[in-house]
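Engineer: All chains, please: the whole structure from these sequences, using the hints.
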Amino acid sequence: MTFPLLTTMYGLPLLAVLVIFFVPERRALAIKIVSLTASAAALGLAVWLFFAYDRGVGGLQFVERVPWLGVLGVNYFVGANGVNVMLLLLTGVIITAGVLASWDVTYRPKEFFILLLTLTTGVFGVFMAYNLFLFFLFYEVSVLPMYLLIGIWGTGKKEYAAMKLTLYLMAGSALILAGLLGLYFASGKGSFDFDILSTAAYDPLFQRVFFPILFVGFGTLAALWPFHTWSPDGHSSAPTAVSMLHAGVLMKLGAYGCLLVPITLLPGGARFWLPSVAFLSVINIVYGSLSAVAQRDLKYIVAYSSVSHMGIVMLGLASMNEIALNGAVLQMFSHGIMTGLFFGLVGMIYGRSHTRMVNEQGGLAARTPALAAFFVLTGLTSLGLPGLSGFPAELSVFLGAFRAYPVVTVICVTGIVFTAFYVLRVVQRLFFGRQFLAHPASAQSTTLGFGDANRIELTALSLLMLFILAVGLYPLPFTTLIGTAVAPIAAKLGGM
Amino acid sequence: MSLAPWSLELATTTLMVVVLVVDVLARHGKKLIWGCYLVGTVALLAIAFFSRGQAEILGGTYVADGLSWIAKIIIVIGAGLTGAISMSALSIREKYHGAYAALLLAASLGMMVLVSSKELITLFVGLETSSVSLYGLAAISKRDDLSLEAGIKYLVIGALSSGLLLYGLSIVYVSTGTTSLDAIRGAVSARGRGPLLTASVVFVLLGVGFKLSMVPLHVWTPDVYQGAPTPVSAFISVVSKSAGFVFALRLLSFAFADLRLVWEPLLAAAAVLTMTVGNLVAIPQKNVKRLLAYSSISQAGYILVGFVGSPAFGASAVMFYLLVYTLTNVAAFSVVIAFSQATGSDQLDDYAGLARREPLLALAFVFALLSLAGIPPLGGFVGKFYLFAAAMQKGYLWLVIVAALNSILSLYYYLLVLRRMYITDPAVPAVPMKTAFPVRAVLLITTVGIFWLGILPGPVMNVISEISARIFPNM
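Chains as they are written, first to last, in the numbering used here: chain A, 1 to 496; chain B, 1 to 475.
Misleading hints may appear alongside valid ones.
Unchecked claim - Calculated cross-link-like contacts (lysine-lysine; reagent style DSSO-like; alpha-carbon spacing at most 27 Å):
1. B:Lys95 x B:Lys142
2. B:Lys153 x B:Lys286
3. B:Lys153 x B:Lys31
4. A:Lys157 x B:Lys153
5. B:Lys286 x A:Lys164
6. A:Lys189 x B:Lys394
7. B:Lys434 x B:Lys95
8. B:Lys30 x A:Lys110
9. B:Lys434 x B:Lys31
10. A:Lys189 x A:Lys110
Unchecked claim - Far from chain A, some chain B residues (derived; all Cβ distances over 12 Å):
11. Ser51
12. Gly59
13. Gly136
14. Leu146
15. Ile152
16. Phe203
17. Pro265
18. Leu266
19. Phe381
20. Ala427
21. Val431
22. Pro457
23. Met461
24. Glu466
Derived by calculation from the structure, the hints in this document are not laboratory data.
All C-beta atoms in this analysis are idealised placements derived from N, C-alpha and C, irrespective of residue type, glycine included.
Structural biologist: Given below as structure tokens:
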């Protein structure tokens with residue numbers, strides 16, 4: 001038997017949960033070290049997987065398949081194709097950076113890290129499960145801990161935001177459940193295994209009915225307009241690491257679900273419905289970036305920017321051709337890392353100035369040059385500057401989308417202009433100009449009295465930035481990897 | 001005539017007599033009584049577990065088959081766990097403990113008869129034996145007005161529904177000329193659906209609906225659960241309900257199999273009503289026992305979803321869910337017992353900050369509630385998946401969506417409990433609580449069970465689906 005690489009990958013955070021359960025709460029440092037070790041080790045495995053995956057062969061590799069619930073045709077079945085490899089890598093990077101960014105959590109650290117790592121276990125699981133029962137199981141495990149993470153450690157109207165987020169996402173998963181059961185019985189194969197389900201020929205009417213059920217179910221988590229309203233509230237109320245994980249990884253889970261289940265399994269339904277999805281993603285892109293322009297709270301700006309960037313992913317998925325699908329997956333990766341950086345930076349700034357309002361602080365670059373530099377780079381990634389990861393991703397999406405929907409794509413590209421506007425304005429106000437800090441309570445301007453990023457923060461930021469630069473400067477290994485997985489899907493869809 | 005199919009019933013009767021004798025002979029024999037009870041129920045469980053087989057006695061009126069085997073295991077587990085949480089938690093005078101334990105056993109005995117009988121009169125005798133014992137149990141705290149009220153309410157509504165059921169069964173007899181379920185099944189399929197039989201289905205549903213707390217026959221549930229001693233509420237909510245569902249399986253899915261066109265839409269509608277009303281009314285509840293009462297109403301609604309599935313698939317989903325539900329609801333009620341023993345309160349607001357005070361107790365409650373909501377990797381998830389799959393197999397997409405959305409509705413009020421325990425700060429200084437050993441043991445057993453049925457349910461599922469394939473062949 002070969003080494004169960006994938007099981008180990010989600011097993012590590014799960015093991016850490018069990019270990020932390022028995023560590024007394026006052027030993028916070030030990031808890032953090034256990035968490036960091038587990039997530040760094042999982043990241044190590046993900047990197048190893050990235051290099052070990054055989055691009056020449058493609059398809060599902062590192063497969064583990066064991067019978068589980070015979071009555072329902074459920075196997076324990078995990079595997080990884082090119083898309084999975086990218087998303088597992090993303091998860092590993094974000095969770096490691098997230099644990100580092102949570103180093104200063106002092107309130108109930110034990111429960112915090114238990115929940116954070118439970119969530120991570122679920123996310124890793126979703127990105128490798130190839131039995132739809134197992135997939136759904138991990139999916140729910142990764143959504144629920146969010147409620148307590150936001151409710152306990154969040155800020156602002158946290159309890160409202162936590163409940164809204166949880167109920168929205170669980171309502172989405174109710175649709176997914178119905179859709180998966182429909183697939184199971186319509187296939188007539190008596191199995192939930194993905195490869196078996198994908199060989200079934202589904203009736204065209206069935207495809208048209210079930211495609212929207214599944215797509216809306218997953219699309220809710222990907223913040224597809226008009227099911228996105230949980231996202232700004234949830235992301236802005238969540239603690240730093242949770243925003244990073246949620247915007248960075250969990251929203252990708254929704255987009256990945258859309259790609260894996262409805263688009264791949266129901267190509268007939270996809271051809272019928274995806275043009276409407278393209279229309280919705282225009283709203284995502286333009287409305288998201290315009291909303292970001294209107295916001296004054298840094299976290300809301302970043303959250304709306306996520307809505308806008310996820311629109312680009314959805315546009316790529318809706319375009320049905322290989323280059324757009326490739327770009328969509330690369331955009332998932334790029335946006336995950338980028339938004340992780342954004343939320344991490346916002347958390348670090350808030351930890352120093354105690355305000356997230358753009359107009360209550362200025363000139364921070366003089367005090368925090370490193371934070372400013374990272375912020376500028378992240379902002380430039382967000383608006384798609386060549387050399388950074390946003391550029392190849394968005395370029396491929398728009399190239400592919402233009403073939404499928406020229407008019408729509410032209411409208412979408414205007415979103416980039418708005419993005420440039422809000423990003424540059426934030427950078428200018430926050431980091432340059434007169435140094436001041438207006439405390440919301442006293443309304444008095446004071447001089448800045450804090451220092452630059454410490455070593456732990458720098459490690460977290462550099463880790464994320466490394467991948468932005470890698471993808472931006474040399475995207476080829478990433479795109480060929482993704483290509484091995486999306487080419488068959490594009491062929492099945494028959495897009496141009 | 002072999003005694004084997006009766007062995008469990010005989011053993012239960014013996015245990016009941018032993019408990020009563022100990023009660024008479026030993027003064028202040030509370031510990032002795034419960035000692036006998038617990039040792040006895042462990043033995044009963046062993047007997048129940050090993051008496052799997054296929055036998056018919058009394059000319060086919062009384063059977064031991066797979067369905068009765070599973071149901072009896074659930075009954076004995078429920079009775080044993082209820083006993084364990086009762087012994088320390090019961091706020092009644094010590095001299096009533098013997099009567100209480102004996103009534104628990106009598107109620108269990110009645111349910112065993114109910115699930116084993118294949119004949120209308122035997123069914124009814126079993127049903128009444130258990131119901132009458134339960135009326136007594138609900139009212140056992142004689143000096144507590146709420147408990148008395150609960151007993152009276154339960155009695156009045158229970159008697160009414162028994163009357164309706166009996167009326168329905170008499171129509172069945174009139175139109176088929178027999179009381180044996182096998183013969184009824186044959187007669188129904190030979191004669192087809194007529195106005196009389198259709199009417200009888202409605203009456204039977206009304207009668208059974210009371211046991212299952214099916215909306216609109218659920219009104220007694222919250223008052224009885226709140227007023228009765230908490231262990232009794234737990235017992236009614238799991239054991240009595242499970243027996244009721246097995247009864248419904250025998251009557252509807254088996255005997256009335258050819259009247260499916262009549263009762264299937266009725267049950268689908270009842271399922272929607274039951275889940276939705278249960279969940280909506282649970283949301284504003286302030287008392288944890290009332291919350292669990294409404295939650296258990298909605299749980300009955302999910303189980304009804306399984307009934308519309310094909311008989312074999314549906315029955316196995318129902319049986320599996322009953323097993324999960326028994327463990328889960330006993331766990332939830334045990335937490336309530338532990339909490340009210342330490343604080344004297346059943347108010348949800350007093351649960352504020354429980355996670356800081358008693359992390360393990362709060363965690364056990366979380367697992368129980370999330371399993372009720374159907375969150376993986378807990379048993380409730382697999383159970384609901386199975387139930388919904390049964391309905392989906394018959395093409396009930398709308399019902400599955402309604403049921404799944406209802407689970408989300410229920411998640412809302414379960415999360416409100418979680419919020420109190422984990423997010424809200426305690427109003428009073430957090431004093432650690434003392435939880436009695438038996439309650440802790442029950443919590444441990446049930447929580448392990450919930451996880452086991454959620455992660456490795458394979459073997460149990462295989463056994464259950466074999467059983468239902470045998471009872472409902474070619475259906």
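Engineer: Does each hint hold? Answer for all of them.
Structural biologist: Now for the hints, and whether the structure bears them out:
1. B:Lys95 x B:Lys142: holds, 12 Å
2. B:Lys153 x B:Lys286: It holds: about 21 Å lies between the C-alpha atoms, which stays within 27 Å.
3. B:Lys153 x B:Lys31: violated, 32 Å
4. A:Lys157 x B:Lys153: The given pair, whose Cα atoms are some 44 Å apart, is violated under the 27 Å limit.
5. B:Lys286 x A:Lys164: holds, 21 Å
6. A:Lys189 x B:Lys394: holds, 16 Å
7. B:Lys434 x B:Lys95: holds, 25 Å
8. B:Lys30 x A:Lys110: Not OK: Lys30 of chain B and Lys110 of chain A at ~42 Å, beyond 27 Å, violated.
9. B:Lys434 x B:Lys31: holds, 19 Å
10. A:Lys189 x A:Lys110: Answer violated: Lys189 of chain A to Lys110 of chain A is near 45 Å, above 27 Å.
11. Ser51: holds, 24 Å
12. Gly59: holds, 35 Å
13. Gly136: holds, 40 Å
14. Leu146: holds, 32 Å
15. Ile152: holds, 39 Å
16. Phe203: holds, 34 Å
17. Pro265: Pro265 of chain B is indeed farther than 12 Å from all Cβ atoms of chain A, at 20 Å.
18. Leu266: For Leu266 of chain B, whose nearest Cβ neighbour in chain A is about 23 Å away, the distance exceeds 12 Å, so it holds.
19. Phe381: Per Cβ check, Phe381 of chain B is inside 12 Å of chain A; nearest 7 Å; violated.
20. Ala427: holds, 17 Å
21. Val431: Val431 of chain B is indeed farther than 12 Å from all Cβ atoms of chain A, at 18 Å.
22. Pro457: Violated, since 6 Å does not exceed 12 Å.
23. Met461: About 5 Å separates Met461 of chain B from the closest Cβ of chain A, which leaves it inside 12 Å; violated.
24. Glu466: Glu466 of chain B is in fact no farther than 12 Å from some Cβ atom of chain A, at 9 Å.
Taken one by one, the earlier hints fail for this structure at numbers 3, 4, 8, 10, 19, 22, 23 and 24, listed in ascending order.
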